[in-house]
Amino acid sequence: MKICCLVKEVPDAAVQKRIDSNTKRLDRSGEKNLNPFDTHGIEAAMQIREGGVAEVDEIVAVTMGPDSAVRALHKAVALGADRSVHLSDSALEGSDVCATGYALAKLLESEQPDLVLLGQQSDDGECYTIGAVVADHLKMPSLTQVIKMDVSEGSLQCQRQAEYGYDTVDVALPAVISVGDAINEPRYPSLKAIMGAKKKPLDTKATADVGIEADKVGEAGSQTQVLGINPPPEKQAGEIIEDEDTNETVEKIVAWLAERKLI
Amino acid sequence: MAGILVYALHSDEGVFNNNSLGAISEAAKLASDIGGEAAALVVGDIDDAACAALGKYGAAKVYRAKSVPEGLAQPIVDAMAKVITDDGYTYALFGGGLLGFEIGAGLTARLGAGVTMEVTAVKASGGKLIAERPVLQDSAIVDVGYVSEPGIIIGRLNAFDIAEGGSGDAEVVDVDVELSEWSTKATMVSRGETGDEGGVNIEDADILVGGGRGLGEKDNFKLAEELAQSMGGAVAATRAVVDAGWYPYATQIGQTGKTVAPKLYLAVGISGAIQHKVGMMNSENIVAINKDQNAPIFEFCDLGIVGDLNKIMPKLTEAINAKKG
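Top line first, the protein sequences correspond to chains A and B.
Here the first sequence is numbered in the numbering used here, starting from 406 and rising by one per residue.
Here the second sequence is numbered in the numbering used here, starting from 3 and rising by one per residue.
One chain only, chain A, in its complex shape (with noise of 0.2 Å):
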């Protein structure tokens, strides 16, 4: 069983966001990091090859970036995947959802895997969608936030919460499966894995490589388009305490509630 991980570079959690006003696109200058969420998918990877039903003879992750986001790959690798290949082009810029999905499906294509994982949202642009996207153009089954994954031969069963509580759901393989936070701890890197990770193989492919059609990719084949950005509506900021001394603190919060009747 092949196993690829779809992962993606983010902005640091502890950068302060913003849009670029020029291309109305967000600004992703400054320190960057693997999307926290995409490291689910690949300790949920590791944890099918280390649950011994299923034989997986690779782990590799994937991405679509700048040449920054080889370090995300690096990351990917340092956590468990084997190797790593990166889309890189600047054709690819400006992409919007169905213009990323249709780039990235093309790129996993010429991978074949038997298992396609990848993380709830991306930590910057809060999407939530590329999974199902991605399945569609591979003619994959899909699921989203799934928190729940138990491997057969040629199947998964997962659970996942949907609008009226929680769905079991089986899925045959090859499929495409989005996980939820809630599935895993992903472990640690060891420090070896760290320094190991630089040597492990690393493909750069451009959009030609993988079949994608340029007209459907970058900033000419999305299909939507930024028109404005604008503040959201005034409201006016809560009061905020720094609890130095707790019984003032304390005495500060019931005042508060008093005040307004509610206790």
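These are computed hints drawn from the structure, not numbers from a lab.
Each residue gets a CB set at the ideal place from its N, CA and C atoms; glycine is no exception.
Take these hints with a grain of salt, some might be off.
Some, not all, of what chain B presents toward chain A, calculated at C-beta under 7 Å [to be verified]:
id : residue
1  : V117
2  : V149
3  : S192
4  : R193
5  : T196
6  : M233
7  : Y251
8  : G309
Simulated crosslink set (BS3-like; lysine-lysine; CA at most 25 Å straight-line) [claimed, not checked]:
id : chain 1 : residue 1 : chain 2 : residue 2
9  : A       : K657      : B       : K325
10 : B       : K293      : B       : K265
11 : B       : K125      : A       : K429
12 : B       : K63       : B       : K31
13 : B       : K325      : A       : K666
14 : A       : K604      : A       : K437
15 : B       : K265      : A       : K666
16 : B       : K220      : B       : K293
17 : A       : K610      : A       : K621
18 : B       : K313      : B       : K325
19 : B       : K220      : A       : K553
20 : B       : K130      : B       : K31
21 : A       : K657      : B       : K326
22 : A       : K657      : B       : K224
23 : A       : K666      : B       : K326
24 : B       : K265      : A       : K640
25 : A       : K621      : B       : K130
26 : B       : K130      : A       : K429
27 : B       : K224      : B       : K293
28 : B       : K125      : B       : K63
29 : B       : K260      : A       : K553
30 : B       : K317      : A       : K657
31 : B       : K130      : B       : K63
32 : A       : K544      : B       : K68
33 : A       : K621      : A       : K544
34 : B       : K317      : A       : K666
35 : A       : K544      : B       : K84
36 : B       : K187      : A       : K553
37 : B       : K265      : A       : K657
38 : B       : K187      : A       : K407
39 : B       : K125      : B       : K31
Let chain A serve as the given structure and place chain B on it in line with the hints.
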């Protein structure tokens, strides 16, 4: 012809989802702005009267795909794609929720269509729709237009209000849908398990103490329960702790849980991620205790306390109990 097609989700008991009904109302309003018609798509064996009744919310037509199962996205992508293509709908609209995200995403691939998710408002301009989408933890709102048709709009939970402004029954049209081969590869084993033991109805509570992962462990929900009890309130939870098995599903607030608007929502150890925020942002008063001063909840609470909840909560409970005498 311009037209907007809405997916109307229903439970196993055949009850339509409120977010879907809100989306139908919104579609009816927008359709009249762009000179078109709003329609809904229903899957499964829902009777004529129940389908026609969606006219009350503004659907002129209801497509019913009887043989398509409810609850999994891809068969519904097949049904939506067929109706959009055959009858020329120019937009697909989804209310908030998990399935709408999955179906909308699948349609994006199937139809090569533009998609916008987490949409909080939609406006019409020159016969076209523009979706408003908050980004970067709601610190900015982008206006998204579509360069081709159809356009796909996935609403945020509770973004669209239900309005019963429709004129009578909708026309019900049965559609035959041939499922894609890959749409049959996922099968529902059981749907909607809640493990519900009955008990508290958090939607009716005036005071709620919401507990999140910041409580640290399951046992610490006791602190939340004691605090809620001191104020005569109930305890609610985030999805993260429900998924982790710390607290029952019936108490979950947010995207796939309940929506509440109590007089007081006291959030303990809750970061305030969008998925939770959408379920409680209309509470009259929001108080948050969290040790992370960068937690998004401090951006929208009325009173925020940056500190250790293990220290603060027991003392707060004690002080409120003492005040009651």
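For each hint, the structure was consulted:
Hint on V117/B holds. Least Cβ distance to chain A is approximately 5 Å, under the 7 Å limit. Hint status for V149/B: holds, given a least beta-carbon distance of 5 Å to chain A, under 7 Å. With a least beta-carbon distance of about 5 Å to chain A, the hint placing S192/B at the interface is held under the 7 Å criterion. Given the 7 Å rule on beta carbons, the hint for R193/B holds: about 5 Å separates it from the nearest Cβ of chain A.
Taken as an interface hint, T196/B checks out: its beta carbon lies about 4 Å from the nearest beta carbon of chain A, inside 7 Å. Annotation: interface hint on M233/B holds; nearest CB of chain A at approximately 6 Å, less than 7 Å. Because the beta carbon of Y251/B sits about 6 Å from the nearest beta carbon in chain A, less than 7 Å, this interface hint is met. At a threshold of 7 Å, the smallest CB-CB gap from G309/B to chain A is about 3 Å, leaving the interface hint in force.
A threshold of 25 Å between alpha carbons decides the hint, and for K657/A with K325/B the separation of about 13 Å falls inside it, so the pair holds. A distance of roughly 24 Å separates the Cα atoms of K293/B and K265/B; the hinted pair therefore holds under the 25 Å criterion. Under the criterion of a C-alpha separation no larger than 25 Å, the hint pairing K125/B with K429/A is consistent with the structure, at around 20 Å. Taking the CA atoms of K63/B and K31/B, the gap is about 15 Å. The hint holds against a cut of 25 Å.
Restraint check for K325/B and K666/A: the C-alpha separation of about 13 Å stays at or below 25 Å, so the hint holds. Taking the CA atoms of K604/A and K437/A, the gap is near 21 Å; set against the 25 Å cutoff, the hint holds. A threshold of 25 Å between alpha carbons decides the hint, and for K265/B with K666/A the separation of about 10 Å falls inside it, so the pair holds. The suggested pairing of K220/B with K293/B holds, with an alpha-carbon distance near 18 Å, which does not exceed 25 Å.
With a C-alpha separation of about 17 Å, the suggested pair K610/A and K621/A falls inside the 25 Å cut-off, and the hint holds. The suggested pairing of K313/B with K325/B holds, with an alpha-carbon distance near 19 Å, which does not exceed 25 Å. For a cut-off of 25 Å, the pair hint linking K220/B to K553/A stands: about 19 Å separates their Cα positions. For the hint linking K130/B to K31/B, the alpha-carbon distance of about 13 Å falls within 25 Å, and the restraint holds.
With a C-alpha separation of about 16 Å, the suggested pair K657/A and K326/B falls inside the 25 Å cut-off, and the hint holds. Straight-line distance between C-alpha atoms of K657/A and K224/B comes to about 23 Å, which keeps the hinted pair within the 25 Å bound. Note on K666/A and K326/B: the hinted pairing holds, with a Cα-Cα distance of about 13 Å set against a maximum of 25 Å. This hinted pair checks out: K265/B and K640/A have alpha carbons roughly 18 Å apart, not beyond 25 Å.
Our distance criterion of 25 Å between C-alpha atoms is met by K621/A and K130/B, whose separation comes to about 23 Å. For the given pair, K130/B sits about 21 Å from K429/A by alpha-carbon distance, which is consistent with the 25 Å threshold. For the hint linking K224/B to K293/B, the alpha-carbon distance of about 19 Å falls within 25 Å, and the restraint holds. Between K125/B and K63/B the alpha-carbon distance is near 22 Å, which keeps this suggested pair within the 25 Å criterion.
The suggested pairing of K260/B with K553/A holds, with an alpha-carbon distance near 22 Å, which does not exceed 25 Å. With a C-alpha separation of about 12 Å, the suggested pair K317/B and K657/A falls inside the 25 Å cut-off, and the hint holds. Between K130/B and K63/B, the direct Cα distance comes to roughly 21 Å. Compliance with the 25 Å bound is thereby established for this hinted pair. With a CA separation close to 23 Å, the supplied pair K544/A and K68/B stays within the 25 Å bound.
Between K621/A and K544/A the CA atoms are separated by roughly 18 Å; this keeps the pair inside 25 Å, and the hint holds. This hinted pair checks out: K317/B and K666/A have alpha carbons roughly 20 Å apart, not beyond 25 Å. Note on K544/A and K84/B: the hinted pairing holds, with a Cα-Cα distance of about 17 Å set against a maximum of 25 Å. Straight-line distance between C-alpha atoms of K187/B and K553/A comes to about 18 Å, which keeps the hinted pair within the 25 Å bound.
Restraint check: the Cα-Cα separation between K265/B and K657/A comes to about 19 Å, which is no more than 25 Å; the hinted pair holds. Of the supplied pair hints, the one linking K187/B and K407/A holds, its CA atoms being roughly 19 Å apart against a limit of 25 Å. The straight-line distance between the Cα atoms of K125/B and K31/B is roughly 10 Å, inside the 25 Å bound, and the hint therefore holds.
Of the numbered hints given earlier, the model fails none.
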